[in-house]
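Q: Each chain, written out:
6 protein chains.
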Amino acid sequence: MRVDGRQNEQLREIRFERGFVKNSLGSALSACGLTEVICTVNIKEGLPSWKRSGSGGWLTAEYRMLPGATHTRSKRESAVGGRSSEIQRLIGRTLRAAVDLDKLGDRTIQIDCDVLNADGGTRCASINGAMLALMVALKKMEEQGHSIEGVIKKPLAAISVGVVGGEVMLDLCYKEDSAADVDMNVIMTASGDFVEVQGTGEEAVFSRAELNALLDAGEKGTSEISAELAKIYPEFFL
Amino acid sequence: MRVDGRQNEQLREIRFERGFVKNSLGSALSACGLTEVICTVNIKEGLPSWKRSGSGGWLTAEYRMLPGATHTRSKRESAVGGRSSEIQRLIGRTLRAAVDLDKLGDRTIQIDCDVLNADGGTRCASINGAMLALMVALKKMEEQGHSIEGVIKKPLAAISVGVVGGEVMLDLCYKEDSAADVDMNVIMTASGDFVEVQGTGEEAVFSRAELNALLDAGEKGTSEISAELAKIYPEFFL
Amino acid sequence: MRVDGRQNEQLREIRFERGFVKNSLGSALSACGLTEVICTVNIKEGLPSWKRSGSGGWLTAEYRMLPGATHTRSKRESAVGGRSSEIQRLIGRTLRAAVDLDKLGDRTIQIDCDVLNADGGTRCASINGAMLALMVALKKMEEQGHSIEGVIKKPLAAISVGVVGGEVMLDLCYKEDSAADVDMNVIMTASGDFVEVQGTGEEAVFSRAELNALLDAGEKGTSEISAELAKIYPEFFL
Amino acid sequence: MRVDGRQNEQLREIRFERGFVKNSLGSALSACGLTEVICTVNIKEGLPSWKRSGSGGWLTAEYRMLPGATHTRSKRESAVGGRSSEIQRLIGRTLRAAVDLDKLGDRTIQIDCDVLNADGGTRCASINGAMLALMVALKKMEEQGHSIEGVIKKPLAAISVGVVGGEVMLDLCYKEDSAADVDMNVIMTASGDFVEVQGTGEEAVFSRAELNALLDAGEKGTSEISAELAKIYPEFFL
Amino acid sequence: MRVDGRQNEQLREIRFERGFVKNSLGSALSACGLTEVICTVNIKEGLPSWKRSGSGGWLTAEYRMLPGATHTRSKRESAVGGRSSEIQRLIGRTLRAAVDLDKLGDRTIQIDCDVLNADGGTRCASINGAMLALMVALKKMEEQGHSIEGVIKKPLAAISVGVVGGEVMLDLCYKEDSAADVDMNVIMTASGDFVEVQGTGEEAVFSRAELNALLDAGEKGTSEISAELAKIYPEFFL
Amino acid sequence: MRVDGRQNEQLREIRFERGFVKNSLGSALSACGLTEVICTVNIKEGLPSWKRSGSGGWLTAEYRMLPGATHTRSKRESAVGGRSSEIQRLIGRTLRAAVDLDKLGDRTIQIDCDVLNADGGTRCASINGAMLALMVALKKMEEQGHSIEGVIKKPLAAISVGVVGGEVMLDLCYKEDSAADVDMNVIMTASGDFVEVQGTGEEAVFSRAELNALLDAGEKGTSEISAELAKIYPEFFL
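Residue numbers (the UniProt record's numbering), protein chains in the order written: chain S, 1 to 238; chain F, 1 to 238; chain P, 1 to 238; chain G, 1 to 238; chain R, 1 to 238; chain A, 1 to 238.
Watch out, some of these pointers could steer you wrong.
One copy or two, either will do: identical chains are not told apart, so a pair holds if it fits within one copy or between any two.
Said to hold, decoys possible - Below, computed lysine-lysine pairings styled on DSS-like, alpha-carbon distance capped at 27 Å: (1) K231 to K51; (2) K139 to K153; (3) K231 to K220; (4) K231 to K175; (5) K220 to K44; (6) K75 to K44; (7) K22 to K140; (8) K103 to K51; (9) K51 to K220.
For the record, the hints were derived by calculation from the structure and aren't laboratory data.
Here the structure is a predicted model, which means the values were calculated and not measured.
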């Protein structure tokens, strides 16, 4: 049994709260157990300077930890650190796969994921919250009379899996993550295709069989989260 | 009448939520109307390098806006900008006046104020939230068996006042703040002494009479907020 | 009696030297006792990028300490530090209140205040010196055939006051400043209106009565300095 | 057939040159087709400050592009950019999996990978070159009388695979990489276990079947590169 | 006799390798004994923002040490350090003297010198290698149909000289450089004129007679290097 | 005749003002025509971290332009720029040649040169002013009872020379400097030895004969400045 009493392939409680930040176009609090991430989506007219007008829109993401989010306060990053940089690149790349940028016109979607409380799986909670906050933002645009038809082409979800004490586990909390031999993030579309797979064994290695078991668990976890999102906004999952 | 229907000397709704960030020793959400600030307090053993052991503790504060907190998303500051720097210096200076650092021993109190949603008065909401989060942190230390007797020597509260359209108003929202001729922040102890007064008329000036009226309003506002805090933790207001 | 033998409400010797930096359009050495600040004013065509043409001019200020200005050499700031940032924001805000930016056209006034020797009151000496250097610069523009009519709408002056050993004192030197319980900067127009009031008691507090006494002292000090400036350039004080 | 005439599962020419940088303890030029990376390994006494003495050694890596390495000169990074940061974290994490840090004592291995010429696959060429340069460095330590027994516990190799035009291809050159729908890096030990798998479809997705085909290709590629390294230093592959 | 057996006025072995970096327009490895510098030349359309179109081209240079180039690994510079900055300014200034910028049109020549292995004289090896890489780049432009007539107006060469143990020596290696009382860099055109002379005695001084002897040695060294370059590309030395 | 009516080998008026910055141990205003540099010298106990106790003292220098020092205001450097870095390295290197660091004990001399007004020759005026400010500082140490015997081992002076319009000129003002074909700085001891020679022809070249004439002029200029310094403090020139 796991440190918090879950089954190996059981997710922690998933909780989504829409409209968490009133001044942003779209926002959500994305919680997974004790992990909580503030996700905001803003859409501005115009493109980054390296992208010419008429070539479709753009989507970019930033990720940070609030200093109080960790057990021991962590220093505020002045420049974006290696870990945050890697995670925000992942969030941006992933969400761009979910969106049809051509449908966006000369606009830039800006996603911000700020971790309020960290207990493992912050990058996955960020992706799931960003997915939801984007839906909130698009609904608001629709209310304002814009067409948002097809902007989200493949809704997706993310979850962590790992090998802890020789067993494959789904959705690692911080204690499990610290003790894991293999750590993997799986991002899949609601229709069951892979968008990103990142597996690493910092000081351990893993066999093809273990890799397959990890992918199975990831598939189960992402499909459950997609189902949660589909309950909130079924219209994006047709 | 004011843009949101309030009387000139009426506060917006004040709302405090304790334990908002589970991993921090003390935390609070401090809301004043639509303005919401996440305040965390962590206390670590040790002193900054410039302070010698045995000379009392230290208290330091950081302040930032989350990018989505403003109507138009604001860029994340890489280095601390001029405005944030000024505000976090104010928060630190003010809270140090509330605390008896000698009672703290060789410890450093670290305060973080991160604005979740901004609608005017964020620096005052930060100070009030930091005051509360510090009380939460001290209560937790007390539960852990530490003596916290006398650490808070003078609980205090902060509020903005201003001259808008020729009238003195209490607790300006963003729209009022943008239109104000004079803008002032008043920080007072629960017992009615001044800790800090900062009044400025960016392109306007103000008379001694106006200054007096502003101070009167500030006195009223801070005493009401102190009363709110005293309801939560009367033991710090004896 | 005070450390340097002055009366409580007596200024140190004020000294202004015009044309201190030959390559700048306007310049002044502003001295107050042993405190000396090099102030230069340059005016360039054009506006900052965020300000559209035709909406009036702009004025911006920078403040730094020369490394040798303090008793113990202070490190050169690579990025502008918190204290310098706060002071240069104050100088800019204050001088903008003195000037009618609409009369300036699409021009930007750049003020630089570099402390040559520091003995307390450097921010006030900077504001007074910047005021004078601006007058020098405008007179030179006038000689070059430009109209400067009404550019200075409200000449102003700044002075520090404080509570030291229980007594209200005017124009604190460094020793007094270090020992002060309350420290306040008062900036007033020559006609007796307030532009900015900043009072703080880092670890002490102050009563309404003390605040009033401090404001009285500040009023006396600023009116004496305005009188000095009016002797040099009466035409700006009509 | 591929742009350079290779079969889908055929590597480019692999070329290793030992002792490329005379002043470094260990060094290698690692070439894969036109991609060339300068890899140096230096070992210094002592540990990073966060690691206590006696807890085993440490290994850290840096990665950069030389400005002239790309078709159009790329600007020199002042701070480490997001992409470089991600790659150097991968190199460090991977090499730490290959090494038994406990056998190293209080020493830090510093790896530098500087891309001399870039034609796709620079991160994999870096890992392979770092692996070889580390062997060179250890042999030199052995000559100097140190025991290096067991320091390399699992020699490993890295290769890129991808889906281009619907076909799974091994070891993508730059042109193929730019056109790839899915891009994956596979890092495996010489004995056939996985160390890291990173697969991403920036705007595409991939099925479980494609993922399996990519892993098969990666397994073939890494085993061929491990065989090359084993020819040079069979003693590390016993 | 010298530490490596050379005569006082004897150069180390000079070695040039063209086309060292395939993706750059022009490149060379410039070696002088154990000192090796990677030099690349790229030419882009357009001018720096401070230079107006039609006023001739521009040439700029960057210089860095690879971390593994020194006996003890040197930290990668995040910002360009004082020494590197000084050297790259020298390389740029010198190469601009060799080139007729007016013949270049609205183009910018970008030179990068990255030290692969350092054994004294890296700035001179950089200048000589940059000179050669520029010739390679111009020949490639000529092949592409551009006129390069007269772009190189005065080919030049650089060498270090010094006073070591009381004797004037040519082309100091690292050991000699560390022990030198006087250190001088001499840059001369192939036709025997001076472009730059930089002589310094960090803690020693030197007489006019010593200065003359140093200049004689520098003249001999640069003429021998120019002769080497003229063997490779006689057409630039007509 | 020259732009300001001087003879070719005539210095501008040299002016030294001691004690210009009261809070520094030693200070001087060093003026040469319209060029004015504020030089301060402070001496602190202790050595830089890379220098071990007992190995003699250290001396370091910083150089900056005040923003108002140039005809058009120059931006304040956030990081030290290439030109300033080069000049401050020169000042430090030169002054270290003048001083017997072994006589200094475990102390660090800190020199700051801040250009108040720039009209050519600022680096030479800085060196001459730093030389004088150092003497002032040492005299003050002597008054405090320290032995300063032999700390200055070789007083020195610096001057610029150049070729302008085909003629060799001494002590170039800004206008001449801008038009110079060759620009050289000569630093010599009072006893006539060279400490540093830096000659450059940015787009021109110069013959050995011109070089000799420039050195002659530099020798004349530095000996006149040394004579000025010797009038002030003959005891350092015995």
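Q: Determine for every hint whether it applies to the structure shown.
A: How the hints compare with the structure:
1. K231 to K51: neither (36 Å within a copy, 47 Å between copies)
2. K139 to K153: This pair counts as within: shortest intra-copy Cα distance 15 Å, inter-copy 50 Å.
3. K231 to K220: The answer is within: 17 Å in one copy meets 27 Å, while 44 Å across copies does not.
4. K231 to K175: For K231 and K175, the Cα distance exceeds 27 Å both inside one copy (31 Å) and across copies (38 Å).
5. K220 to K44: neither (36 Å within a copy, 42 Å between copies)
6. K75 to K44: between (31 Å within a copy, 13 Å between copies)
7. K22 to K140: within (12 Å within a copy, 32 Å between copies)
8. K103 to K51: Classified as within: same-chain Cα gap 15 Å, cross-chain 33 Å, threshold 27 Å.
9. K51 to K220: neither (38 Å within a copy, 38 Å between copies)
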